[in-house]
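Engineer: Each residue of the sequence shown is one higher than the one before, starting from 183 at the first, in the working numbering.
Worth flagging that the hints you see were computed from the coordinates, not collected in a lab. Quick reminder that beta carbons are idealized off the backbone N, C-alpha and C, glycines included. Among the hints, a few may not be true.
[Claimed, not checked] List of simulated lysine-lysine pairs, BS3-like, C-alpha gap at most 27 Å:
| no. | residue 1 | residue 2 |
| --- | --- | --- |
| 1 | LYS187 | LYS272 |
| 2 | LYS204 | LYS272 |
| 3 | LYS285 | LYS362 |
| 4 | LYS272 | LYS311 |
| 5 | LYS438 | LYS295 |
| 6 | LYS204 | LYS235 |
| 7 | LYS285 | LYS442 |
| 8 | LYS267 | LYS311 |
| 9 | LYS267 | LYS451 |
| 10 | LYS438 | LYS311 |
| 11 | LYS311 | LYS204 |
[Stated by the list, open to error] The following label-pair restraints were derived from C-beta to C-beta distances:
| no. | residue 1 | residue 2 | range |
| --- | --- | --- | --- |
| 12 | VAL290 | GLU330 | 26 to 34 Å |
| 13 | LYS311 | CYS369 | 17 to 25 Å |
| 14 | ASN292 | ASN389 | 25 to 33 Å |
| 15 | ASP274 | ILE200 | 20 to 28 Å |
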Amino acid sequence: MRFTKMQAYGNDYVYIEIITQKMENPPTWARFVSDRHFGVGSDGMILICPSEKAEFGMRVFNPDGSEAEMCGNALRSVAKYVYAKGFTNKTDFSIETIGGIKKLHLDVENNNKVVMITAELGAPGLYHKIVPTTAHNSEGRCIDYPIEVEGRTFYITAVSMGNPHCVAFVDDVMSLDLQKYGSAIECHPYFPQKINVEFAQVIDKNNALLRTWERNCGETLACGTGCCVTTIGGFLTSRLSNEVTVHQLGGDIQIKWDTKNDNIFMSGKSEIVFDGEIENNIILEDTI
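Throw the hints in and build the complete structure from the sequences for me.
Structural biologist: Right, dumping it as structure tokens:
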């Protein structure tokens, strides 16, 4: 099985195209390739698939084999992959995800090198049943809603970007015990499908510092949809503008919320690290 290791600001996945290859039992493959000791090592596995509704499709698997609805960094990486590997020569196309069909634009230099990828993610889901969450105000939204975990109260704003997120703004994000509080909020009864958790610190109206605790994964160096949710949550609570550079441990992502048309744009880079091949019979062995 041929694969490509890619990373976007340190958020690394193993990408496998199943347009010309076949795969059985993706959860088992995901657990194997994600293992940093016995496999390739990654934050998960991304399948690049045919689609009847868009030019391409993608599926996102966590290291534990569970499937996620969407991943912003992976979405941009898939866009770069299909162009770099010759599956398309277009610089504008769409990708189908469980979280909906997303539009992508590639900025390409004269040597055909992709230097920036912009994803048009559509309208954020703010209604509590879309997130989903049982925490909401009288308007059905979860905005600056109090949640108590591990003896501390945070005020969260919950948003769906095709996958469930909530963001809490704190004074000093770098000193926060992310494993303690992130895991507690992830599995809180407010969230029947669990949730991705962002902790953000406002630098100024156009800049925020972010750390992310990803559902079924743990802390990652970057999260594209998490950057979107941080911008949305910051704007709704008057902490941030609608155009924000989100600074993460792995690097910076630019987010714009076109509030007039209710559309989120995410711009960032992605890099191919290396290509490789896995012997299919390894997956059959009881190593995971």
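Engineer: Take the hints in turn and mark each one as holding or not.
Structural biologist: Cross-check of the supplied hints:
no. : hint                         : verdict
1   : LYS187 to LYS272             : holds, 22 Å
2   : LYS204 to LYS272             : holds, 25 Å
3   : LYS285 to LYS362             : violated, 36 Å
4   : LYS272 to LYS311             : violated, 36 Å
5   : LYS438 to LYS295             : holds, 24 Å
6   : LYS204 to LYS235             : holds, 20 Å
7   : LYS285 to LYS442             : holds, 18 Å
8   : LYS267 to LYS311             : violated, 39 Å
9   : LYS267 to LYS451             : holds, 17 Å
10  : LYS438 to LYS311             : holds, 25 Å
11  : LYS311 to LYS204             : violated, 36 Å
12  : VAL290 to GLU330: 26 to 34 Å : violated, 49 Å
13  : LYS311 to CYS369: 17 to 25 Å : holds, 20 Å
14  : ASN292 to ASN389: 25 to 33 Å : holds, 32 Å
15  : ASP274 to ILE200: 20 to 28 Å : holds, 24 Å
Hint violations for this structure: numbers 3, 4, 8, 11, 12, all remaining hints satisfied.
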